[in-house]
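Visitor: Got chain G sorted already, so can you dock chain C onto it with the hints?
Protein chains: 2
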Amino acid sequence: MESISVGLLGLGTVGSGVVKVIENHQDKLMHQIGCPVSIKKVLVKDVNKPRAVELKPEMLTTNVDDIISNPEIDVVVEVMGGVEETRKHLLTALRNKKHVVTANKDLMAVYGSELLSVAAENGCDLFYEASVGGGIPIIRGLVDGLASDRITKIIGIVNGTTNYILTKMTKERIAYEDALKKAQELGFAEADPTADVEGLDAARKMVILATLGFSMEVDLEDVKVTGISNISEEDLQYAKRLGYTMKLIGIAQRDGEKVEVSVQPTLISDSHPLASVNDEFNAVYVYGEAVGQTMFYGPGAGSLPTATAIVSDLVAVMKNMRLGVNGKNIVAPQYEKKLKEPHEIYSKYFLRLLVKDEVGVFSNITTIFSQHGVSFEKILQLPVKEKGEAEIVLVTHQASLKDYEDILVKLRDLKSVHEIKSSYRVEGNGN
Amino acid sequence: MESISVGLLGLGTVGSGVVKVIENHQDKLMHQIGCPVSIKKVLVKDVNKPRAVELKPEMLTTNVDDIISNPEIDVVVEVMGGVEETRKHLLTALRNKKHVVTANKDLMAVYGSELLSVAAENGCDLFYEASVGGGIPIIRGLVDGLASDRITKIIGIVNGTTNYILTKMTKERIAYEDALKKAQELGFAEADPTADVEGLDAARKMVILATLGFSMEVDLEDVKVTGISNISEEDLQYAKRLGYTMKLIGIAQRDGEKVEVSVQPTLISDSHPLASVNDEFNAVYVYGEAVGQTMFYGPGAGSLPTATAIVSDLVAVMKNMRLGVNGKNIVAPQYEKKLKEPHEIYSKYFLRLLVKDEVGVFSNITTIFSQHGVSFEKILQLPVKEKGEAEIVLVTHQASLKDYEDILVKLRDLKSVHEIKSSYRVEGNGN
Numbered sequence: 001m002e003s004i005s006v007g008l009l010g011l012g013t014v015g016s017g018v019v020k021v022i023e024n025h026q027d028k029l030m031h032q033i034g035c036p037v038s039i040k041k042v043l044v045k046d047v048n049k050p051r052a053v054e055l056k057p058e059m060l061t062t063n064v065d066d067i068i069s070n071p072e073i074d075v076v077v078e079v080m081g082g083v084e085e086t087r088k089h090l091l092t093a094l095r096n097k098k099h100v101v102t103a104n105k106d107l108m109a110v111y112g113s114e115l116l117s118v119a120a121e122n123g124c125d126l127f128y129e130a131s132v133g134g135g136i137p138i139i140r141g142l143v144d145g146l147a148s149d150r151i152t153k154i155i156g157i158v159n160g161t162t163n164y165i166l167t168k169m170t171k172e173r174i175a176y177e178d179a180l181k182k183a184q185e186l187g188f189a190e191a192d193p194t195a196d197v198e199g200l201d202a203a204r205k206m207v208i209l210a211t212l213g214f215s216m217e218v219d220l221e222d223v224k225v226t227g228i229s230n231i232s233e234e235d236l237q238y239a240k241r242l243g244y245t246m247k248l249i250g251i252a253q254r255d256g257e258k259v260e261v262s263v264q265p266t267l268i269s270d271s272h273p274l275a276s277v278n279d280e281f282n283a284v285y286v287y288g289e290a291v292g293q294t295m296f297y298g299p300g301a302g303s304l305p306t307a308t309a310i311v312s313d314l315v316a317v318m319k320n321m322r323l324g325v326n327g328k329n330i331v332a333p334q335y336e337k338k339l340k341e342p343h344e345i346y347s348k349y350f351l352r353l354l355v356k357d358e359v360g361v362f363s364n365i366t367t368i369f370s371q372h373g374v375s376f377e378k379i380l381q382l383p384v385k386e387k388g389e390a391e392i393v394l395v396t397h398q399a400s401l402k403d404y405e406d407i408l409v410k411l412r413d414l415k416s417v418h419e420i421k422s423s424y425r426v427e428g429n430g431n
Numbered sequence: 001m002e003s004i005s006v007g008l009l010g011l012g013t014v015g016s017g018v019v020k021v022i023e024n025h026q027d028k029l030m031h032q033i034g035c036p037v038s039i040k041k042v043l044v045k046d047v048n049k050p051r052a053v054e055l056k057p058e059m060l061t062t063n064v065d066d067i068i069s070n071p072e073i074d075v076v077v078e079v080m081g082g083v084e085e086t087r088k089h090l091l092t093a094l095r096n097k098k099h100v101v102t103a104n105k106d107l108m109a110v111y112g113s114e115l116l117s118v119a120a121e122n123g124c125d126l127f128y129e130a131s132v133g134g135g136i137p138i139i140r141g142l143v144d145g146l147a148s149d150r151i152t153k154i155i156g157i158v159n160g161t162t163n164y165i166l167t168k169m170t171k172e173r174i175a176y177e178d179a180l181k182k183a184q185e186l187g188f189a190e191a192d193p194t195a196d197v198e199g200l201d202a203a204r205k206m207v208i209l210a211t212l213g214f215s216m217e218v219d220l221e222d223v224k225v226t227g228i229s230n231i232s233e234e235d236l237q238y239a240k241r242l243g244y245t246m247k248l249i250g251i252a253q254r255d256g257e258k259v260e261v262s263v264q265p266t267l268i269s270d271s272h273p274l275a276s277v278n279d280e281f282n283a284v285y286v287y288g289e290a291v292g293q294t295m296f297y298g299p300g301a302g303s304l305p306t307a308t309a310i311v312s313d314l315v316a317v318m319k320n321m322r323l324g325v326n327g328k329n330i331v332a333p334q335y336e337k338k339l340k341e342p343h344e345i346y347s348k349y350f351l352r353l354l355v356k357d358e359v360g361v362f363s364n365i366t367t368i369f370s371q372h373g374v375s376f377e378k379i380l381q382l383p384v385k386e387k388g389e390a391e392i393v394l395v396t397h398q399a400s401l402k403d404y405e406d407i408l409v410k411l412r413d414l415k416s417v418h419e420i421k422s423s424y425r426v427e428g429n430g431n
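Protein chains in written order, with the numbering used here: chain G, 1 to 431; chain C, 1 to 431.
Only chain G is shown next, with the shape it has when bound in the complex (with noise of 0.2 angstroms):
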């Protein structure tokens, strides 16, 4: 090969990103890979605009044909975003043998498995590595680092947005508005928060984790969601005071054949390792059957972190492009979808009420507790000043789902629970 020509789809700040890494390491992608590398066009929505990397005007283009029907190009980066539109063009790209490196999480999230069959339906390459965890190249590590080993759960922190909103909430005593402000000020959300806020954003990338970690094809609409967007100051508190940190986490969990996944707000054990993954950082957390634990740590998104993920993506299409082996190494899931019911999803909660202040109430609720089975690992009350009223935390032990849910509504029926401030789920152990 004289050299490998690439095909862009976006030039926002990713696609800058990967611009500049092409550029700046030009001596190491040459070395590992015999040949140089080299942008040949850039699709755009307007040639005019200015950007922050400098281009040939002849080498932008409004029209995606000059790229995905372009028999110069050899590997499509996709970072334009979107579903159903961008689904057509990688489709169209993959069938005219372009290989494709993507960090769409929203398109791999829906339609993942269906680009996977048809590049190695036609033999390219399709890696998505920037898809989940920014730089973190955390999809290599399920695929090749832990090959051999068999994923029982995988916890994430896998959306930085939130994770920087509940970091400033937790550390400066912020309400949820103001540390949301805060964000957009920074560009750490968008205009627009609620596919960040609202857990959507990390629901894809945890479709993506699961389908990989159990070789099973889980599907968005599998996932639990719940955002931040309730999160109160006091929550905060009282997970502090209980040994805990507030952190939007991805779970996905196996048991036998069956697995389950979720996102929502949970209360992690101080001393478990993402309970310090602060501010906009990403981490996942995968348990494995002969591995134990391993975290894998990094920016979750960012023009360079992101871009890096893409072009070591680039680099690994360009290896078996020179060794003639490109898509042989795409693996369809090994086992077939099967849920947990809510009666195999087991969790401990953290649950606070604000209850009547008389004799007697207190032993109603833990009666309920007894009723469905299901203990308690520690347990505040604390007088209200107004109103005779207390409010109760508690965490439970393990309890199932549905009988957690169960007890909801039974609380709910008590008189003498005035109301449900708030549930989380639990992981670890607190103080």
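If you are wondering where the hints come from, they were derived from the structure by calculation, not from laboratory data.
Treat the hints with care, as some may be off.
Same chains, same names: a pair is fine if it fits in one copy or spans any two.
[Stated by the list, open to error] With a straight-line cut-off of 30 angstroms between C-alpha atoms, the simulated BS3-like cross-links for lysine-lysine are: (1) K340 / K387; (2) K340 / K28; (3) K340 / K20; (4) K153 / K258; (5) K415 / K378; (6) K40 / K338; (7) K337 / K88; (8) K328 / K240; (9) K97 / K378; (10) K28 / K328; (11) K28 / K224; (12) K181 / K328; (13) K28 / K40; (14) K28 / K258; (15) K20 / K182.
Guide: Here is chain C on its own, set in the frame of chain G:
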């Protein structure tokens, strides 16, 4: 291929783990490789010794040639340890066109480049993921995951024994000897702990990481090594007070074309993720020009974790066998080795002195530092009850090793400085 045959050199803790992982995870391996994997022959010292895993008697041999020269064997897994003899065996195996997977850091740190080039010449793979960080896929992280980035610094807690000892000393406030004894009782330290506690084991691993990370052949003699056997409880308590945690840290740092590699007890900022890597766990922190900071964390040793890394290497060998591309991805170091001189190695330092408690002493000391342009980040002065002495604890700002060593010589010459109690490198900012 009908099946892939493995020959195992050694059947100790890690070897038994390899047998178990191959047996227990056979269906996952089959799915990925497309054919069964079986262990054909195992080299042992004594065929009659009782073992952790049961193998048919005809599988055991005391003659290494039954494996390294056996035409039925495709891959040799080396978990016997040792350097000179083992090197010869593996060279024979490679020349007999057998792929090699090894967990042997002692061997790879000294003969890695020779073995890799013989492997490439013979179209064989040589993988060694298990040689650093046990079950942590750090080698793959450096080679593939960060393939596109230029690494500037690697900081590793790469020895579980010393990390266990330092964690115990710090958390339980016990002396070095007691912590070592505890580690030995639990099997985290060997009867002769010298290679671990004097930093040699960590140094070998840093040679492997630096060679890969900087694409430059670093030798064991290039590593400046200090162990942990002289660390006192007082040092640990001072560290804590100043916002640092003591860890045995391997540092490989590149500035421009020049590198430094060292292993020494280091005060690391409490807020740095490495500070909370406790007990026998390992972690490697990697700084890249584009990616920023990433960390790989996990079990640094142990039968099954280490076996996971070995069998994941086996999977890689077997995938390459299926595609006929073994030995094609071995890349020789890109750069000629250039080591930094002492005046080019910069760091912060912690220094604890016992001085005469009289007017002008402190000024004499600080004058020496300022003559070398070194200023202080933190200063503690405490009276010592007896003998009219005072204890001074200093943390410097960045200083060159040359300046710092010159300062130490001058301090030793000062009559008012009774003793230099301890001196450590410092990473990050304390509180």
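Visitor: Give a verdict on every hint.
Guide: Hints, one by one, checked against the model:
With identical chains, the CA atoms of K340 and K387 are never at most 30 angstroms apart, being 43 angstroms at best within one copy and 71 angstroms at best between copies. Taking the shortest Cα distances, K340 and K28 sit within 30 angstroms of each other only across copies (21 angstroms), while inside one copy they are farther apart (47 angstroms). Taking CA atoms no more than 30 angstroms apart as the test, K340 paired with K20 passes between copies only; the shortest distance there is 29 angstroms, against 45 angstroms inside one copy. Proximity of K153 to K258 under the C-alpha cut-off of 30 angstroms is restricted to the intra-copy arrangement: shortest distance 12 angstroms within a copy versus 42 angstroms between copies.
Proximity of K415 and K378 under a CA criterion of 30 angstroms is satisfied intra-copy only: 24 angstroms inside one chain copy versus 59 angstroms between copies. Taking CA atoms no more than 30 angstroms apart as the test, K40 paired with K338 passes in neither setting, with 45 angstroms inside one copy and 36 angstroms between copies. In this assembly of identical chains, K337 and K88 lie within 30 angstroms of each other by CA distance solely inside one copy; the values are 26 angstroms within and 49 angstroms between copies. For the homomeric pair K328 and K240, neither the shortest alpha-carbon distance inside one copy (49 angstroms) nor that between copies (52 angstroms) is at most 30 angstroms.
In this assembly of identical chains, K97 and K378 lie within 30 angstroms of each other by CA distance neither inside one copy nor across copies; the values are 59 angstroms within and 61 angstroms between. For the homomeric pair K28 and K328, the shortest alpha-carbon distances inside one copy (25 angstroms) and between copies (17 angstroms) are both at most 30 angstroms. For the identical chains of this complex, K28 and K224 are inter-copy neighbours only, at 28 angstroms across copies versus 43 angstroms inside a copy, given an alpha-carbon limit of 30 angstroms. Proximity of K181 and K328 under a CA criterion of 30 angstroms is satisfied in neither setting, with 47 angstroms inside one chain copy and 51 angstroms between copies.
For the homomeric pair K28 and K40, the shortest alpha-carbon distance inside one copy (20 angstroms) is at most 30 angstroms, but the shortest distance between copies (40 angstroms) is not. In this assembly of identical chains, K28 and K258 lie within 30 angstroms of each other by CA distance solely across copies; the values are 16 angstroms between and 44 angstroms within a copy. Taking CA atoms no more than 30 angstroms apart as the test, K20 paired with K182 passes inside one copy only; the shortest distance there is 28 angstroms, against 51 angstroms between copies.
Checked against the numbered hints above, the structure breaks hints 1, 6, 8, 9, 12 and satisfies the rest.
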